[in-house]
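Q: Spelled out, the chains give:
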Amino acid sequence: KQEVTQIPAALSVPEGENLVLNCSFTDSAIYNLQWFRQDPGKGLTSLLLIQSSQREQTSGRLNASLDKSSGRSTLYIAASQPGDSATYLCAVGLGSKLTFGKGITLSVRP
Amino acid sequence: GAGVSQTPSNKVTEKGKYVELRCDPISGHTALYWYRQSLGQGPEFLIYFQGTGAADDSGLPNDRFFAVRPEGSVSTLKIQRTERGDSAVYLCASSSRTDTQYFGPGTRLTVL
Numbered sequence: 001k002q003e004v005t006q007i008p009a010a011l012s013v014p015e016g017e018n019l020v021l022n023c024s025f026t027d028s029a030i031y032n033l034q035w036f037r038q039d040p041g042k043g044l045t046s047l048l049l050i051q052s053s054q055r056e057q058t059s060g061r062l063n064a065s066l067d068k069s070s071g072r073s074t075l076y077i078a079a080s081q082p083g084d085s086a087t088y089l090c091a092v093g094l095g096s097k098l099t100f101g102k103g104i105t106l107s108v109r110p
Numbered sequence: 001g002a003g004v005s006q007t008p009s010n011k012v013t014e015k016g017k018y019v020e021l022r023c024d025p026i027s028g029h030t031a032l033y034w035y036r037q038s039l040g041q042g043p044e045f046l047i048y049f050q051g052t053g054a055a056d057d058s059g060l061p062n063d064r065f066f067a068v069r070p071e072g073s074v075s076t077l078k079i080q081r082t083e084r085g086d087s088a089v090y091l092c093a094s095s096s097r098t099d100t101q102y103f104g105p106g107t108r109l110t111v112l
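One line per chain: the protein sequences are H and S, in this order.
Each residue of the first sequence is one higher than the one before, counting from 1 in our numbering.
Each residue of the second sequence is one higher than the one before, counting from 1 in our numbering.
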């Protein structure tokens with residue numbers, strides 16, 4: 001059974017800092033990996049999708065990498081801003097469904 | 001364009017009652033997914049539709065849970081004889097061939 005782990009559960013950083021959020025998964029037989037953002041009381045917003053054949057994806061200040069063989073992905077956020085404060089979830093896709101981690105709650109202090 | 005919508009946004013019911021939760025996917029998306037998210041947890045997969053048929057219902061916790069998508073668009077998640085442990089946010093997502101799943105805002109279900 002696929003298990004997805006995100007550590008730490010919470011992170012607080014000063015504005016402007018570059019940061020890395022980590023995600024690990026136990027079964028490397030995945031189709032893709034997706035990073036989401038969730039604001040309190042809201043649904044999920046897709047940030048980046050990496051197919052299993054890809055190594056990384058970039059969107060603006062965000063860069064996500066995937067190392068399937070080691071079961072790891074990282075989300076890099078450059079020059080963090082208070083508006084980046086949210087919970088970040090990674091999810092691995094196999095077939096029809098996504099298996100999610102519990103998320104990392106990020107707080108960016110002004 | 002319009003995203004995934006879910007109604008109601010909040011539902012409070014009593015233990016033992018029947019509830020229906022509705023999902024309107026993004027127009028043209030053939031795939032539709034239901035997930036359940038408990039407090040402090042990531043979403044857990046419930047069921048996946050491709051068109052009108054349930055292609056994977058392995059995540060449904062028991063036979064009190066049922067979902068339909070009769071015309072390949074709107075889907076309804078039905079929960080019979082609700083229990084307090086069913087309280088959670090129920091999320092719906094849809095996707096096209098790009099694999100990216102787009103989520104709705106969710107329905108918060110509270111069973112008293």
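Don't read these hints as lab results, they were simulated from the structure.
Backbone N, C-alpha and C fix where the C-beta goes; we use that ideal spot for every residue, glycine too.
You may find that some hints are simply not true.
Covered stretches of chain S (in silico footprint by chain H; criterion: 3 or more residues with CB under 8 Å from a CB of chain H, positions within the stretch not fixed) [unchecked claim]: (1) 72-86; (2) 103-111.
For the chain H half of the interface with chain S, some residues (derived, Cβ under 10 Å), not all of them [as the list claims (entries may be wrong)]: (3) LYS42; (4) GLY93; (5) GLY95.
Q: Quick check on the hint: GLY95/H CB to chain S CB, less than 10 Å?
A: Since chain S brings a Cβ to about 7 Å from GLY95/H, closer than 10 Å, the hint holds.
Q: Would you check chain H against the segment 72-86 of chain S, counting CB to CB pairs closer than 8 Å, and say if three or more residues qualify?
A: violated (count 0)
Q: Go through the hint on LYS42/H and say holds or violated, using the shortest Cβ distance to chain S against 10 Å.
A: 6 Å, holds
Q: Using Cβ atoms only, decide whether GLY93/H comes closer than 10 Å to chain S, and label the hint accordingly.
A: 7 Å, holds
Q: Quick one: see if chain H covers the segment 103-111 of chain S, three-plus residues with Cβ-Cβ under 8 Å.
A: Answer holds; 4 residues pass the 8 Å Cβ test.
Going down the numbered hints, you'll see the structure goes against just number 1.
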